[in-house]
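Peer 1: Start from the sequences and build out the full structure, keeping to the hints where you can.
Chains as they are written, first to last, in full-length UniProt numbering: chain A, 1 to 184; chain B, 1 to 257.
Simulated from the structure, these hints should not be mistaken for laboratory data.
Cross-link-like lysine to aspartate or glutamate pairs, in silico, DMTMM-like; alpha carbons within 20 angstroms at most:
#, chain 1, residue 1, chain 2, residue 2
1, B, Lys73, A, Asp19
2, B, Lys75, A, Asp13
3, A, Lys159, A, Glu146
4, B, Lys73, A, Asp21
5, B, Lys73, A, Glu49
6, A, Lys58, A, Glu28
7, A, Lys123, A, Glu182
8, B, Lys54, A, Glu135
9, B, Lys73, A, Asp46
10, A, Lys162, A, Glu146
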Amino acid sequence: MYNSIESDDTLIDMIKKGDCDAFNPLVERYKMSLYRLMYRMVYNRDDAEDLVEEAFIKAYKSISTFEIGKSFYAWISRIAVNNAINFLKKEKRSTVQPLEWHEHSLADKKGDPVKMTKQKLLKERIGAAMAKLPEEFRTILLLRVEENFSYAEIGRVLKIPKGTVMSRLARARQKLRKIFEEME
Amino acid sequence: MKCDLSIELLSGYLDGELDDEQRVFVEKHLKQCRRCRNAFKEFALLDEQIRKQKFEEPSREFIFGVNRRIIDKVKKKKPFFIFRYTPVFAPAAVAILLFVVLINISKHERMIGIDDRVVYAEITPRQKLELQIPESKIVDVKEAEKKIVAKTETRAGTSEITPASEEVAKIATYEGADELYTLDDGGELQVPKDQITRAIIDSTGRVLKVATGNSIIPERDTVMENRLQGQRLTAPTIAGKKTQMYVDLTPVQKANH
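Peer 2: Below, the structure written as structure tokens:
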């Protein structure tokens, strides 16, 4: 059995030697972070869960290509993000609607704004604004802001130069601010 | 005041991705430009809101069951050790297999596989023949051409060895062919007179295997084989190309000349 003491590298080394049970602690360690990232990209629980599962299986299959010493989370995020991008393209869903937005509309109709604190409204608005962003802007913002990836890491994940990361992020922020203002 | 700060620099500054020179430039500009300061604050606020974004909790099945499901799937997908390197070994294995097959095919072209029986293909003699018998020390081309005969041997009666001096013609047959060839050995072969004597000769005309008998599939005759083996007939050709062949060794009567 494995526990949280083993480092990612130790576990990956064991997996490379054929011990597939060593993959379990890695799944446990990163499944929620990946789920959060996937959910932010597709705004659907079932799809996000499927994408996380698929990302882990793909990661296991190509674990031999992982370089010990590098960040496993960054590596598997790259796999997951690419999966999600392909998924959105396949589904032809450039923009999505978060659950909060539906809840908000429902609350409005019921005429029950009492529970809607200012903070909650703000959260819902940002969720809705993010959902309205084109997929490439939403993804790059999530990687930078949510996942705190450096420009270099984002460049590796999205296979774009660092300069493109910088300009795309700036445009994404500008677009988000515009959408946000329009919703006020 | 003119604002010359690009949105990229402002965004890069927020992310801490600028070099020292750019950072100093942005900081200096922000001190002087209220509009850019406001934009910077808005970007920072949006980032904060993005981090605080709500998300739907995953299902219980995901929380408690996804590990097991993933491990079960990867265990199923775990390939046998030897197949892990399939992408590397498969092309090499196919190449080796192809090489072995080609080698064996070419060997079969040179050698005739015969065990105890020779499968005989009955053919109909033709009057017009495309005969090509190369000139050699033991073959007189003109004489050989005269020895084209119809296959008229009788297949009954007792065996009789023809004298060495008696000329011998061979009617060659091969599986699937309908051409007739006559070969010559310069009168050196002695074959039984009244029974089928069938031989396999290689592309150089050398006798390899011999079978005799009166049935449609004659038995291998090792005595006759020993006697005839190694003797060289005219190399058989089909359409100008030397080839292996089954031949019937049939004594030719003097009257046929």
